[in-house]
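Student: Residues per chain are reported as follows:
2 protein chains.
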Amino acid sequence: MQRYFVNATPADEVTLPPEAAHHLLKVMRAEVGTTVELVLADHCVYLATLSATEPTATLKINQKLDADSELPVSVTLACGLPKTKEKPELIVQKATELGADKIVFFDAARSISHWQGNKQKRKIERLQKIAESAAEQSHRNKIPQVEYSANLDQLLANYPATERIVAWEESAKQGETSALAQQFNALKPGDSILAVFGPEGGLSENEIAKMNEAGVVAAGLGPRILRTETAPLYFMAAISYAMELS
Amino acid sequence: MQRYFVNATPADEVTLPPEAAHHLLKVMRAEVGTTVELVLADHCVYLATLSATEPTATLKINQKLDADSELPVSVTLACGLPKTKEKPELIVQKATELGADKIVFFDAARSISHWQGNKQKRKIERLQKIAESAAEQSHRNKIPQVEYSANLDQLLANYPATERIVAWEESAKQGETSALAQQFNALKPGDSILAVFGPEGGLSENEIAKMNEAGVVAAGLGPRILRTETAPLYFMAAISYAMELS
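For the record, the sequence lines run as chains A and B. Per the numbering used here, the first sequence starts with residue 1, numbered consecutively. Per the numbering used here, the second sequence starts with residue 1, numbered consecutively.
Keep in mind the hints are simulated off the structure, nothing from the lab. Computed from a predicted structure; not experimentally measured. Incorrect hints may appear among the rest.
Since the list gives no way to pick out one identical chain from another, each pair is judged satisfied if it fits inside one copy or across any two copies.
Below, simulated DSBU-like cross-link-like pairs (lysine-lysine); rule was C-alpha separation at most 35 Å, straight line [unchecked claim]: (1) Lys129 - Lys173; (2) Lys210 - Lys60; (3) Lys210 - Lys26; (4) Lys119 - Lys188; (5) Lys60 - Lys173; (6) Lys26 - Lys173; (7) Lys173 - Lys64; (8) Lys210 - Lys121; (9) Lys85 - Lys60; (10) Lys64 - Lys119; (11) Lys60 - Lys87; (12) Lys26 - Lys188; (13) Lys119 - Lys60; (14) Lys64 - Lys85; (15) Lys121 - Lys173; (16) Lys188 - Lys60; (17) Lys85 - Lys121; (18) Lys129 - Lys83; (19) Lys142 - Lys123; (20) Lys210 - Lys188; (21) Lys123 - Lys188; (22) Lys188 - Lys173.
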C-alpha cells in the first residue's frame with residue numbers, strides 16, 4: 001500500500017503536503033475512498049481514506065497500525081564526501097531502505113568534491129527528497145536526516161553516540177575480524193552508533209589518529225576491498241542482520 | 001596494488017591478455033619494473049614485475065602471496081530479471097565486491113524485461129566484464145560467473161546447492177526473523193548456498209509454491225521492504241558478517 005509522510009499531529013483529518021498530494025492524485029490517480037498509509041509526526045503509521053480531492057488531498061484517519069520497521073538502535077552513517085554525484089544518491093537511497101537514521105557527508109582530507117554555500121544547500125535538499133521517497137517505498141516509520149559536516153573535527157564534535165566506529169581498510173588487512181561484532185553485541189535497544197567511512201582515497205593517517213584519540217573504534221568489514229559507497233551499505237545490512245535476524 | 005586476472009597456469013613468465021595489457025600500459029602508464037598482483041588460473045595471487053612492454057605486456061612472476069579474500073562458502077545469487085539496464089549492472093558490481101561466486105539472472109513470472117538470443121549474449125558479456133573489473137578492484141581471488149536462466153524451473157534444475165533459500169517479503173511480513181540465521185549457522189566451509197530474489201513485482205504464488213516443493217527455504221531479510229537490487233546485496237553483506245566477522 002502507498003505510504004506518505006505527513007508532518008502533522010494525529011487528528012481526524014489530515015491534509016497532504018503538495019508533493020504527496022500531487023503523487024496520490026495525479027501519479028496514482030487515486031479517487032475518493034482510496035486507502036493509504038500515513039506516517040504522522042509521531043512516527044506511527046495510520047490507515048487513512050481519501051475523503052476530498054479539492055482544493056487538495058484530504059484524508060480521514062481510520063486507525064493506528066501496529067507497524068514499526070525501525071532498527072532497534074539509531075544509526076548515523078558519516079561518509080567522506082565521494083567524488084561523483086551518483087554515489088551520495090546511491091548511499092542515501094540504499095541506507096534509507098536499510099534503516100539508517102542519519103546520513104552525514106563530511107569533507108574528508110582526501111575528498112575531491114567539496115560542497116559549499118548554495119551547492120551544499122541544493123545537494124542536501126535533493127538528497128533529502130531521495131531519502132523521503134526511499135522511506136515511503138521501504139515502509140520506514142522515519143525519514144532519515146541528510147546532513148553535512150565541513151570536516152572530521154566538526155563531525156566528531158557534533159555527532160556523539162553510544163558507540164563510534166570507523167571502517168578501516170588497514171584493520172581488515174591486519175586480519176582483524178572481531179571488532180564489528182563486539183561493538184554490535186554491546187549495543188542495547190535505544191542506543192546509538194556512529195559509523196565513519198572514508199572517501200575514494202580512504203581516510204588520512206591524521207584522520208585515523210584523531211579518531212583513535214577520540215575513542216572511535218577501528219573495525220574491518222571483511223577481507224574484500226569495498227568501494228566507498230559499498231562499505232556503508234555493508235555496515236547497514238550487517239547491523240540489521242545482527243540486531244534483527246540473529 | 002593493481003590486480004589482474006590471467007587465465008594461465010603458474011609459470012616463470014606470463015603474458016597479459018589484450019585488455020589488461022592496454023590497462024596496465026596505456027591507462028596506468030606502467031614501465032618495465034612496475035610490480036602488480038596477478039591472479040592465475042589456480043585462483044592464487046602472485047606478485048609479478050613488468051619485464052617487457054613489446055610486443056605486449058609480459059610479467060615475471062616473483063612470488064606466490066598468501067592472499068585469500070574468498071568467502072568460506074560458495075554463494076550463487078539468482079535474481080529475477082529486473083526492468084532496467086542499470087539494476088543488473090549494480091547487482092553484479094556490488095555482489096562481486098561482496099564475494100558472490102555466481103550471479104544468475106532468471107526470467108521470472110513477473111519480469112518485464114526478457115533477454116533472448118543476441119541480446120542475452122550481449123548483456124551477459126557486458127555484465128561479465130563488470131564482474132571482472134569489480135573482482136580486480138575488490139581484490140578477489142575469483143571472477144564471479146554471470147549466467148542466465150530462462151525460467152525458475154531451469155534455475156532450480158541447474159543450480160543445486162547445499163542449501164537453497166528464497167528471500168520472501170511475506171515471510172518478513174509474518175514476522176519470521178530466524179530462518180536466515182538458521183541457514184547460515186548450518187553452513188560449513190566448502191558448502192554452497194543458492195539465494196533466490198524476485199524482480200520488481202515480486203515472485204508469483206506459483207513460483208513460491210514450486211520452490212516450497214523443491215525444498216527451498218523462505219527467509220525474511222528484516223522488517224523493511226528492500227528493492228529488487230538491494231535484497232541480494234543485503235544477503236551478501238549478511239552472509240559475510242555471519243561467516244567472516246562473527
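Student: Would you mind marking each hint as holding or not holding in the structure?
Tutor: Outcome of the hint check:
1. Lys129 - Lys173: Intra 37 Å, inter 26 Å, cutoff 35 Å: inter-copy only.
2. Lys210 - Lys60: neither (53 Å within a copy, 42 Å between copies)
3. Lys210 - Lys26: neither (51 Å within a copy, 39 Å between copies)
4. Lys119 - Lys188: neither (38 Å within a copy, 51 Å between copies)
5. Lys60 - Lys173: between (57 Å within a copy, 25 Å between copies)
6. Lys26 - Lys173: For lysine 26 and lysine 173, only the inter-copy Cα distance (29 Å) is at most 35 Å; the intra-copy one is 53 Å.
7. Lys173 - Lys64: between (49 Å within a copy, 17 Å between copies)
8. Lys210 - Lys121: Within. Shortest intra-copy distance 28 Å satisfies the 35 Å Cα cut-off; inter-copy 51 Å does not.
9. Lys85 - Lys60: This pair counts as neither: shortest intra-copy Cα distance 40 Å, inter-copy 40 Å.
10. Lys64 - Lys119: neither (40 Å within a copy, 49 Å between copies)
11. Lys60 - Lys87: neither (39 Å within a copy, 38 Å between copies)
12. Lys26 - Lys188: This pair counts as neither: shortest intra-copy Cα distance 44 Å, inter-copy 53 Å.
13. Lys119 - Lys60: Neither, since 39 Å and 50 Å both go past 35 Å.
14. Lys64 - Lys85: neither (39 Å within a copy, 39 Å between copies)
15. Lys121 - Lys173: neither (37 Å within a copy, 38 Å between copies)
16. Lys188 - Lys60: Result: close neither inside a copy nor across copies, 37 Å intra and 54 Å inter.
17. Lys85 - Lys121: both (14 Å within a copy, 31 Å between copies)
18. Lys129 - Lys83: both (20 Å within a copy, 23 Å between copies)
19. Lys142 - Lys123: within (20 Å within a copy, 38 Å between copies)
20. Lys210 - Lys188: within (27 Å within a copy, 40 Å between copies)
21. Lys123 - Lys188: within (34 Å within a copy, 46 Å between copies)
22. Lys188 - Lys173: Result: close both inside a copy and across copies, 29 Å intra and 24 Å inter.
Hint check: violations occur at hints 2, 3, 4, 9, 10, 11, 12, 13, 14, 15, 16; the rest are consistent with the structure.
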